[in-house]
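Chains as they are written, first to last, in our numbering: chain H, 1 to 226; chain V, 1 to 226; chain S, 1 to 226; chain E, 1 to 226; chain Z, 1 to 226; chain X, 1 to 226; chain G, 1 to 226; chain B, 1 to 226.
Keep in mind that the hints were calculated from the coordinates and are not lab data.
All C-beta atoms, glycine included, are put in the ideal place defined by N, C-alpha and C.
Where hints are given, some of them may not hold.
What the hints assert, rightly or not - Derived pair list, reagent style SDA-like, types lysine to any residue, alpha-carbon separation capped at 20 Å:
| no. | chain 1 | residue 1 | chain 2 | residue 2 |
| --- | --- | --- | --- | --- |
| 1 | X | K17 | Z | L140 |
| 2 | B | K85 | B | R184 |
| 3 | G | K17 | B | K17 |
| 4 | G | K94 | B | N221 |
| 5 | S | K94 | E | L222 |
| 6 | V | K17 | S | W134 |
| 7 | X | K17 | V | L133 |
| 8 | E | K17 | E | S34 |
| 9 | S | K17 | E | I143 |
| 10 | B | K17 | G | K94 |
| 11 | B | K121 | B | E84 |
Stated by the list, open to error - Beyond 12 Å from chain B on every Cβ pair, some chain Z residues (computed):
| no. | residue |
| --- | --- |
| 12 | V26 |
| 13 | P50 |
| 14 | D62 |
| 15 | D75 |
| 16 | C86 |
| 17 | L92 |
| 18 | G93 |
| 19 | G119 |
| 20 | R135 |
| 21 | G138 |
| 22 | S139 |
| 23 | S145 |
| 24 | G186 |
Protein chains: 8
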Amino acid sequence: MTLDPISPGVLFDHARKARIGLPEAVFCQGKPGSNLRDLMVSFGRGQGRPVLFTRLEPSVFDSLDDSLKQVYDYDPVSKTAWGEKCPPSAVLGKVAIVSGGTADAQVTREAARTLEYLGFKYGLFEDSGVAGLWRLAGSLEEINSHQVIIVVAGLDAALASVLGGLTPRPVIAVPTSVGYGLARQGESALASMLISCSPGVAVQNIDNGYGAACAAARILNLLPTG
Amino acid sequence: MTLDPISPGVLFDHARKARIGLPEAVFCQGKPGSNLRDLMVSFGRGQGRPVLFTRLEPSVFDSLDDSLKQVYDYDPVSKTAWGEKCPPSAVLGKVAIVSGGTADAQVTREAARTLEYLGFKYGLFEDSGVAGLWRLAGSLEEINSHQVIIVVAGLDAALASVLGGLTPRPVIAVPTSVGYGLARQGESALASMLISCSPGVAVQNIDNGYGAACAAARILNLLPTG
Amino acid sequence: MTLDPISPGVLFDHARKARIGLPEAVFCQGKPGSNLRDLMVSFGRGQGRPVLFTRLEPSVFDSLDDSLKQVYDYDPVSKTAWGEKCPPSAVLGKVAIVSGGTADAQVTREAARTLEYLGFKYGLFEDSGVAGLWRLAGSLEEINSHQVIIVVAGLDAALASVLGGLTPRPVIAVPTSVGYGLARQGESALASMLISCSPGVAVQNIDNGYGAACAAARILNLLPTG
Amino acid sequence: MTLDPISPGVLFDHARKARIGLPEAVFCQGKPGSNLRDLMVSFGRGQGRPVLFTRLEPSVFDSLDDSLKQVYDYDPVSKTAWGEKCPPSAVLGKVAIVSGGTADAQVTREAARTLEYLGFKYGLFEDSGVAGLWRLAGSLEEINSHQVIIVVAGLDAALASVLGGLTPRPVIAVPTSVGYGLARQGESALASMLISCSPGVAVQNIDNGYGAACAAARILNLLPTG
Amino acid sequence: MTLDPISPGVLFDHARKARIGLPEAVFCQGKPGSNLRDLMVSFGRGQGRPVLFTRLEPSVFDSLDDSLKQVYDYDPVSKTAWGEKCPPSAVLGKVAIVSGGTADAQVTREAARTLEYLGFKYGLFEDSGVAGLWRLAGSLEEINSHQVIIVVAGLDAALASVLGGLTPRPVIAVPTSVGYGLARQGESALASMLISCSPGVAVQNIDNGYGAACAAARILNLLPTG
Amino acid sequence: MTLDPISPGVLFDHARKARIGLPEAVFCQGKPGSNLRDLMVSFGRGQGRPVLFTRLEPSVFDSLDDSLKQVYDYDPVSKTAWGEKCPPSAVLGKVAIVSGGTADAQVTREAARTLEYLGFKYGLFEDSGVAGLWRLAGSLEEINSHQVIIVVAGLDAALASVLGGLTPRPVIAVPTSVGYGLARQGESALASMLISCSPGVAVQNIDNGYGAACAAARILNLLPTG
Amino acid sequence: MTLDPISPGVLFDHARKARIGLPEAVFCQGKPGSNLRDLMVSFGRGQGRPVLFTRLEPSVFDSLDDSLKQVYDYDPVSKTAWGEKCPPSAVLGKVAIVSGGTADAQVTREAARTLEYLGFKYGLFEDSGVAGLWRLAGSLEEINSHQVIIVVAGLDAALASVLGGLTPRPVIAVPTSVGYGLARQGESALASMLISCSPGVAVQNIDNGYGAACAAARILNLLPTG
Amino acid sequence: MTLDPISPGVLFDHARKARIGLPEAVFCQGKPGSNLRDLMVSFGRGQGRPVLFTRLEPSVFDSLDDSLKQVYDYDPVSKTAWGEKCPPSAVLGKVAIVSGGTADAQVTREAARTLEYLGFKYGLFEDSGVAGLWRLAGSLEEINSHQVIIVVAGLDAALASVLGGLTPRPVIAVPTSVGYGLARQGESALASMLISCSPGVAVQNIDNGYGAACAAARILNLLPTG
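Between the sequences and the hints, there should be enough to build the whole structure, so can you do that?
Structure representation (structure tokens):
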């Protein structure tokens with residue numbers, strides 16, 4: 001047997017949506033370029049097969065053929081793309097995404113874009129870090145009008161604890177790699193969230209806005225539709 | 001000012017239940033013994049104030065006066081105690097607690113006891129590790145009949161990924177400190193759960209069965225009552 | 001040369017007080033018992049030489065002769081002892097010690113006892129963790145009436161960031177080893193404090209209440225006397 | 001809701017100066033370029049709103065319009081910029097900044113520039129590492145004529161301990177990421193400073209010259225004015 | 001003695017094949033370019049001396065003279081090259097290489113290419129991660145028809161445990177550096193494999209497809225020939 | 001549902017032997033005592049069901065009833081026990097277990113006892129560390145007369161590399177937690193083995209002699225019987 | 001083959017002294033008790049075979065028969081024992097052992113005792129930490145009259161850098177596990193010594209006073225005899 | 001005071017040579033370019049002031065004026081430069097530098113170049129890794145004819161232990177950052193050397209060939225001259 005270096009054998013998990021309520025997504029980072037291109041050709045607009053591409057670097061997207069780029073909705077901040085979105089969900093629920101600062105934008109937007117792709121509604125509450133508590137206090141009531149809360153924060157991630165102590169909603173916390181030195185690429189924010197002094201905060205991997213949206217979707221899918 | 005070594009100034013957060021839907025709990029580990037005793041006197045059965053005590057070592061509980069022990073429901077496996085439970089919740093939902101092995105019992109039971117204390121229903125599915133997949137396969141349908149799933153696993157924690165790929169339910173994963181060497185007191189199980197190849201798995205701190213139950217409660221509190 | 005196992009050659013730094021404003025202290029942990037006993041005999045009450053003993057375990061103190069114990073003021077929570085205190089300072093300033101919870105008592109009290117020994121005034125604000133923000137809010141004005149603030153907190157140590165964003169005072173933050181799992185014996189609280197989103201928070205080693213008091217003393221010694 | 005990728009919702013904390021005595025600063029690293037440009041337009045010279053920009057890479061500053069660059073005082077070594085400085089402080093105090101070597105220049109200068117921006121006086125004592133103790137000895141008296149000392153050092157950071165044992169002043173220690181191998185990007189210098197054998201040394205995050213200046217400012221603001 | 005910067009003194013271990021059954025290989029990463037070129041000239045096609053070059057970056061290979069490139073079989077995905085292969089082995093055995101996803105291709109292919117170079121047969125089963133168990137289930141019988149199994153997986157590496165619980169074959173597990181955040185460049189996958197809940201899984205260094213093939217070869221060399 | 005603290009729900013994997021060639025074993029560490037006792041009653045001599053108990057502390061074994069102890073073959077060095085062994089294997093192969101020193105005895109013997117339990121033959125070559133190479137040199141020929149080699153070593157684990165460079169056999173390396181300081185409870189030995197300069201060394205978790213024996217068994221089961 | 005749990009096969013390296021100038025030593029920690037007793041019987045006074053026992057806990061030594069204890073010179077601070085010492089060396093050289101504090105006594109004394117056992121002369125300079133530089137300054141000239149310097153220090157280990165900058169002698173640095181929190185059981189002291197800003201400091205494992213003495217002996221053995 | 005970004009205040013330690021026998025060196029990594037250029041102008045050939053520049057990247061050296069480059073002896077493999085060398089030492093001793101492989105060349109050569117600069121003699125024994133023990137065996141006698149041995153090795157660094165067990169000479173071990181995955185940029189090689197099973201191996205920081213040469217120089221300076 002001799003290896004064909006072009007086309008690693010992809011086994012697409014099309015049954016995932018039926019099995020767990022979430023369609024498969026393509027994690028682009030580290031995938032060979034030719035492999036990504038093949039996948040993007042297969043799942044463009046008009047194919048009737050919604051697939052989300054995450055961690056798709058602008059330089060990679062820019063290198064695609066124009067015809068291919070035109071059938072994709074690409075956002076360079078969140079590094080996400082899709083050819084088609086899932087149909088809107090009818091559940092009576094929406095997600096509040098609260099972030100510590102604008103430096104967290106990539107992750108905040110990855111969560112937002114994933115929710116949009118999955119057909120869910122959300123509200124954005126950026127730059128709400130606890131160094132200036134008045135910012136969070138001013139929007140707390142509106143945040144609590146959402147059914148699920150995603151908290152995105154780097155550095156000490158104190159926002160997760162403060163908000164967790166102020167809301168009865170499910171809180172999904174996403175640490176970000178913002179910061180330097182002891183921020184340790186987000187490891188310290190992750191630890192803060194996992195040992196939050198507020199009970200019942202649930203945590204995602206560092207910078208995993210996509211995962212937070214999926215966790216929120218699993219909860220929203222339990223709610224009544226209307 | 002001269003310090004009184006006996007009674008550190010406790011500020012009990014009685015408003016927590018109203019604010020976030022979860023009553024305050026007492027984390028006993030590391031608290032001075034006299035302080036614990038004072039708290040247990042205050043919150044025993046018949047006081048009308050439900051409080052959960054977690055991480056209460058058997059040796060500490062055994063050292064209490066008999067009269068105090070009699071007004072507490074104490075479980076030495078989960079190391080939890082309460083004087084009174086919260087009233088049963090009317091929500092139409094229950095939690096499946098799935099564990100990798102019987103060595104995870106302390107954490108599995110801490111989650112179960114916390115749910116019981118909070119007034120929620122649950123089912124236990126222990127010893128379901130993926131080294132023998134037939135065990136999980138045999139109970140998957142019953143597990144999926146619950147609204148929320150708590151996965152408790154140590155070692156490689158592969159159970160979270162496998163189950164996360166088989167259920168549409170919210171999955172709250174709790175790594176345990178079971179194992180030795182590279183298990184690193186649960187750090188490796190934690191990492192496995194955070195980087196699960198199944199999307200939307202939400203994670204708690206190592207051995208934090210209490211936190212998993214609280215996270216489940218935040219979700220259950222969104223569901224209709226019946 | 002043959003070793004005498006009894007009396008390692010101690011070189012006491014009596015000039016320290018004149019040089020840096022702080023008398024030498026004896027860190028007892030790990031010191032051979034016979035060495036500790038010799039030192040305690042030398043520095044008891046009535047010798048005119050104030051020395052603070054820190055990390056002196058109750059079991060070690062209890063093993064001393066009664067006559068020696070009687071000339072020492074020992075506190076088992078903070079594990080500190082002195083034969084004589086330094087004379088009261090005349091500076092116009094005092095320290096607020098704010099802690100996250102009663103489980104931090106050993107460190108909180110080590111800071112308080114060290115300040116008392118050095119002759120400074122302080123106020124204690126325990127159990128002020130951010131999971132219930134009303135506790136901190138209620139005492140903020142009084143805290144700010146002190147010139148220096150010591151913050152003692154374990155777990156996610158969010159208290160340092162929240163308080164750092166609410167006070168113009170110098171903030172000396174001490175992480176504690178309270179917690180389990182990702183608390184990592186205080187490493188996570190330490191990291192949180194070092195990467196606080198509030199500017200100008202200065203940090204001590206984990207559980208180092210003594211060091212926090214010394215850092216506060218260096219500041220207080222700059223203030224006018226009255 | 002569809003995301004606008006251009007302008008994440010900034011909530012500027014203008015009240016910070018009144019609340020904690022330090023105006024808000026903009027941490028530029030990782031912020032989207034368009035967001036930075038908007039902020040720099042808002043806070044240039046003549047706007048009457050002093051804001052400090054830190055961690056602003058020369059390549060980013062160079063990419064700005066000439067007209068914008070002309071209203072900013074930018075220093076490429078410290079990577080700091082401001083449109084306007086705060087008015088000079090009237091406090092009777094100044095800061096000594098002592099560094100181990102010229103390789104620490106970025107951090108040393110970030111501290112110095114921040115103090116200049118905040119309106120405080122300082123003196124610089126660079127290249128004073130303990131491998132040649134005569135350098136520190138020669139300037140010790142002059143260093144001690146300042147009210148607050150900032151120590152900047154990488155590698156083993158022994159300078160903090162040596163200086164801490166020679167001065168009664170508040171010592172704010174900043175570890176730097178200078179070195180390789182076991183220097184671990186400054187983690188070892190940080191640890192050395194936190195476990196200094198000299199009491200009362202207070203520590204900042206790795207390379208955080210800005211934070212050291214803010215901590216010094218909190219102290220200086222306690223001093224009498226003249 | 002003055003150093004010649006061009007030709008570090010190479011001592012080639014030609015006796016390795018006779019001693020341990022595996023010819024020496026050249027690990028190219030970090031080797032000076034001139035040294036690599038000298039080695040490639042020595043071991044090209046027609047020299048009768050099979051040598052495998054691993055971790056040979058495309059940019060390095062591309063910089064070689066065309067005449068040299070033509071005598072090498074180079075694969076840019078696995079970054080391997082050889083001038084001549086070893087003669088085919090006559091053992092009655094072959095290797096199944098099973099990978100979690102196509103992002104693992106570099107490692108998967110390094111194992112495959114090394115086996116081809118050594119003269120062994122193998123089958124490839126890519127994209128078999130446990131998030132969609134049906135993929136593994138569908139090929140299990142065919143996988144078990146091989147004598148040795150190499151498992152290549154990143155992230156949580158749950159595939160090693162699941163497959164280890166389904167096959168009696170020797171399992172050689174290779175963690176990959178695929179993933180971000182808590183994936184920690186493959187450290188977490190490595191830990192998962194080492195603490196697999198399935199017994200007898202043997203592990204290689206992160207991304208070491210070459211080593212996995214060598215370990216498989218040591219086993220295959222025990223089997224009867226036919 | 002109310003928890004019964006006595007009998008966690010065990011699901012024994014009796015089909016494991018048929019599926020993967022290795023019967024299930026009971027990892028005793030951390031299991032509740034009552035649970036262990038129940039299991040040992042079920043699997044004692046004469047029950048026809050061979051089960052291996054590992055990590056069974058002498059203090060736990062000693063606390064059993066005498067009647068139960070008499071039906072078990074227990075070894076306190078390896079901390080292993082069985083009621084019945086598996087029938088002897090007929091494969092034409094045996095295992096050499098080579099250790100660095102006698103301080104590795106617990107792990108060396110756990111591997112040996114597991115092989116004995118599984119029905120395989122082995123030879124022991126203890127105290128063969130490379131600080132005195134003559135020890136290994138003297139037994140190399142005899143070691144190579146075995147089909148599989150298990151190397152057990154702590155500290156720098158150089159033995160794995162040296163032996164890996166001298167034998168064509170499959171090498172299964174087990175790091176041990178012997179040593180202090182930078183030995184880091186075996187983490188450094190583990191790393192040394194994983195990055196061995198000899199190719200094809202396969203590694204087990206720290207102190208996992210049981211796993212090494214299972215990995216050897218998977219290989220031996222491929223060999224012809226005689 | 002059935003294991004004899006009593007007597008693991010010891011292979012004593014009697015040729016070590018001839019080969020490397022240092023006789024073999026017995027590292028007692030973790031060795032089974034019966035094994036230690038056998039070794040101590042073999043190497044007691046009058047056997048003509050000098051062997052050093054290190055890390056021999058007082059509780060283990062105390063458990064020996066009185067007759068055996070009487071033929072050993074045991075020191076409980078350094079935890080070392082020997083039956084016979086090596087004959088005095090005739091080299092014209094001696095070792096200065098300089099320590100940071102009396103809490104380092106176990107390591108300081110292990111180095112001293114090992115040198116005594118090997119037949120070398122040394123001088124002790126304890127409690128010379130840099131927090132009070134006058135202590136080191138006062139003995140520097142005498143320290144430099146020795147040919148080799150061993151520096152023993154915990155915490156920030158600044159002593160190694162300061163002394164390394166003041167002496168032309170070979171400096172062998174031993175970090176100790178003294179301290180808490182960021183001391184990390186000596187890891188931070190180790191790092192400080194390895195990245196010392198003074199050139200040519202050579203480092204031993206944490207707490208390895210024995211190794212430091214051996215490294216000193218290797219140097220002393222180069223010197224002329226007299 | 002306004003900062004001059006061009007010329008940080010250098011305090012050159014010209015007295016170092018007299019104090020510790022080693023002239024000051026300039027560690028170039030991370031130093032601002034203008035600062036480096038100033039230093040190189042000051043210490044070129046003909047100035048009578050020997051200074052060694054280490055970690056001087058080829059790209060930095062190439063950017064210098066031709067006239068400046070011509071007065072420097074620069075070696076791009078070791079990244080070292082000098083204008084003048086120290087006069088040759090008259091000591092009766094030389095250093096053997098033994099390396100594991102040619103990938104260690106940068107470090108091996110940095111040690112060699114530093115010795116050449118300091119005026120000492122040395123011999124090079126590269127590519128002597130233990131995977132092929134015959135290479136080391138073949139040159140052992142010649143290696144032992146040197147007075148001091150520097151061992152340079154990456155990966156598992158087993159060479160230090162093997163050689164340490166075969167030579168009576170002082171052994172200075174330098175770990176290198178060669179390798180990937182668990183090599184952890186040389187941390188694992190460092191640990192292996194620090195916990196070597198051969199006694200008296202002294203260790204330098206990762207990749208610190210310069211430090212190893214300085215440590216060797218401190219020893220050589222003790223030897224008689226001839």
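Going down the list of hints, with the structure as the test:
no.	hint	in the structure
1	K17/X to L140/Z	holds (17 Å)
2	K85/B to R184/B	violated (35 Å)
3	K17/G to K17/B	violated (37 Å)
4	K94/G to N221/B	holds (15 Å)
5	K94/S to L222/E	holds (12 Å)
6	K17/V to W134/S	holds (14 Å)
7	K17/X to L133/V	holds (14 Å)
8	K17/E to S34/E	violated (26 Å)
9	K17/S to I143/E	holds (19 Å)
10	K17/B to K94/G	violated (23 Å)
11	K121/B to E84/B	holds (17 Å)
12	V26	violated (10 Å)
13	P50	holds (17 Å)
14	D62	holds (21 Å)
15	D75	holds (19 Å)
16	C86	holds (19 Å)
17	L92	holds (29 Å)
18	G93	holds (25 Å)
19	G119	holds (21 Å)
20	R135	holds (27 Å)
21	G138	holds (31 Å)
22	S139	holds (28 Å)
23	S145	holds (31 Å)
24	G186	violated (6 Å)
Violation of the numbered hints given earlier is confined to hints 2, 3, 8, 10, 12, 24; the remaining hints are satisfied by the structure.
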